[in-house]
Each structure stands twice: as structure tokens, then as C-alpha cells.
Amino acid sequence: NAGVMQNPRHLVRRRGQEARLRCSPMKGHSHVYWYRQLPEEGLKFMVYLQKENIIDESGMPKERFSAEFPKEGPSILRIQQVVRGDSAAYFCASSPGPRVGRYTDTQYFGPGTRLTVL
Amino acid sequence: AQSVSQHNHHVILSEAASLELGCNYSYGGTVNLFWYVQYPGQHLQLLLKYFSGDPLVKGIKGFEAEFIKSKFSFNLRKPSVQWSDTAEYFCAVFGGTSYGKLTFGQGTILTVHP
Numbered sequence: 001n002a003g004v005m006q007n008p009r010h011l012v013r014r015r016g017q018e019a020r021l022r023c024s025p026m027k028g029h030s031h032v033y034w035y036r037q038l039p040e041e042g043l044k045f046m047v048y049l050q051k052e053n054i055i056d057e058s059g060m061p062k063e064r065f066s067a068e069f070p071k072e073g074p075s076i077l078r079i080q081q082v083v084r085g086d087s088a089a090y091f092c093a094s095s096p097g098p099r100v101g102r103y104t105d106t107q108y109f110g111p112g113t114r115l116t117v118l
Numbered sequence: 001a002q003s004v005s006q007h008n009h010h011v012i013l014s015e016a017a018s019l020e021l022g023c024n025y026s027y028g029g030t031v032n033l034f035w036y037v038q039y040p041g042q043h044l045q046l047l048l049k050y051f052s053g054d055p056l057v058k059g060i061k062g063f064e065a066e067f068i069k070s071k072f073s074f075n076l077r078k079p080s081v082q083w084s085d086t087a088e089y090f091c092a093v094f095g096g097t098s099y100g101k102l103t104f105g106q107g108t109i110l111t112v113h114p
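Residue numbers (the numbering used here), protein chains in the order written: chain A, 1 to 118; chain B, 1 to 114.
Check each hint, because a few of them may be wrong.
Straight-line alpha carbon distances no greater than 25 angstroms define the calculated PhoX-like cross-link-like pairs of lysine-lysine that follow [as the list claims (entries may be wrong)]:
no., chain 1, residue 1, chain 2, residue 2
1, B, LYS58, B, LYS71
2, A, LYS27, A, LYS71
3, A, LYS62, B, LYS58
4, A, LYS62, A, LYS44
5, A, LYS51, A, LYS27
6, B, LYS69, A, LYS44
7, B, LYS69, B, LYS58
8, B, LYS71, B, LYS49
9, B, LYS49, A, LYS27
10, A, LYS62, A, LYS51
11, B, LYS61, B, LYS49
12, A, LYS62, B, LYS61
Read the hints as simulated data drawn from the structure, not as lab findings.
Make the full structure from the sequences, and use the hints.
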């Protein structure tokens, strides 16, 4: 599962700036998931994407956050006008996609991007 | 909304001690269950998973977990821990018809003293 790549590993932004987090899934995986881990908490689901489609964004904050997974290139999680409360570790996971008869399959995680907002 | 509860935030053991980490979930339907481990400075790795069949699941590095449907539990066990098992352990559950969304517990930090 080391094949899921995330960059940058560490990102420092000042309040009001934009943060862009990138995720390249494992080879052969077409499903990408983003999770956020706040201090002292577990991972919280944010969004689930397939190529060019957002499947489930029920965990995304309504404002300032957006995600995409274009036909070519990595998935991007974008946070506009960052605030201190956005400081967290953001993890990306990928999977090949649910097989017939199953609702889900195994998600493999990247190393995460640790965002610090000053 | 479904939730996952891990009973212990921090567990401290000596090498060779037995380990059991609790995980309970709230969803009443069909579930898929996972345990992930995060070693210091590394990303989450899959320890084991349960989709169906034998409720006793064996994973990597000598870990196993038992799915008890009547108790909504999926506890992680290891008969004899090693110093290298020091890490944070996360239980995760998928349940329902919403594809892909895993619900995680808050994590348990395991510290093993040599």
C-alpha cells in the first residue's frame, strides 16, 4: 500500500491562503477517498471520488473545501481561505473499486499531508 | 449515523503480554470490518479485514480479530506482543448502501515496553 502517493507531506499556510493537497492512487485503482484526522481524533471521511465523478461528498465542509479526480493526473483536495481549524492530517486512500456483490473493498492509505495553518 | 467506539485510548504492555483491543460499532445491518495500524512516522496499513464467512479472521504479524455479530464487536487480539507492535491501532467499519465510506474509531495507542 506504499503505492498511494501524497504530496506534499507537510504544508504550512497562513490564514486566508489556499492549500492544495495531491493524491496519486495505487496503480490500477480508480477510486479515491479523502479523510481528515484532527488532533486526538480518529479519521473522518470527507469525500469519495472516481475518475471525473464525485460519488459521495457527505463529509466535506459546505464551504471552502472542494475535491476533484480528473481523467488525467492526481486527485486534488483544495481548501480555500484556510483557517486555524483546518490544521490536521489529511489522508488519501485508494481502492480498485467494489466487486460484484460487495458494497466496498479494501482501501489502501497514503502517508498523509500534515497541514499547519499559522 | 453509525459510529465506532474503541474502548481504550492508550494501552501499555510489557513484551510477551497478551493483547486485546476492543471495538464496537453501532450499525445493525451487514458490515465490513477492518483493523488498520499506524506505526510511528508511517501511514496506515491494513492489519486484517472481515467481509463474510469465518468470524475469526487472521491478519499479518500474528494478529487476529473475532467478529461477534450479537455484540456488535470486532476485537483485535495478539497472544504475545513485541516491542515492534508499538503503534496506533484503528478499527473501521463499512455498513450500509453508501459506497466507500469507512467510519473509524478514535484509535488506540499501544506502547510495548521491552
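Consistency of the hints with the structure:
no. : hint                : result
1   : B:LYS58 <-> B:LYS71 : 20 angstroms, holds
2   : A:LYS27 <-> A:LYS71 : 14 angstroms, holds
3   : A:LYS62 <-> B:LYS58 : 40 angstroms, violated
4   : A:LYS62 <-> A:LYS44 : 15 angstroms, holds
5   : A:LYS51 <-> A:LYS27 : 14 angstroms, holds
6   : B:LYS69 <-> A:LYS44 : 24 angstroms, holds
7   : B:LYS69 <-> B:LYS58 : 17 angstroms, holds
8   : B:LYS71 <-> B:LYS49 : 18 angstroms, holds
9   : B:LYS49 <-> A:LYS27 : 21 angstroms, holds
10  : A:LYS62 <-> A:LYS51 : 22 angstroms, holds
11  : B:LYS61 <-> B:LYS49 : 14 angstroms, holds
12  : A:LYS62 <-> B:LYS61 : 41 angstroms, violated
Hint violations for this structure: numbers 3 and 12, all remaining hints satisfied.
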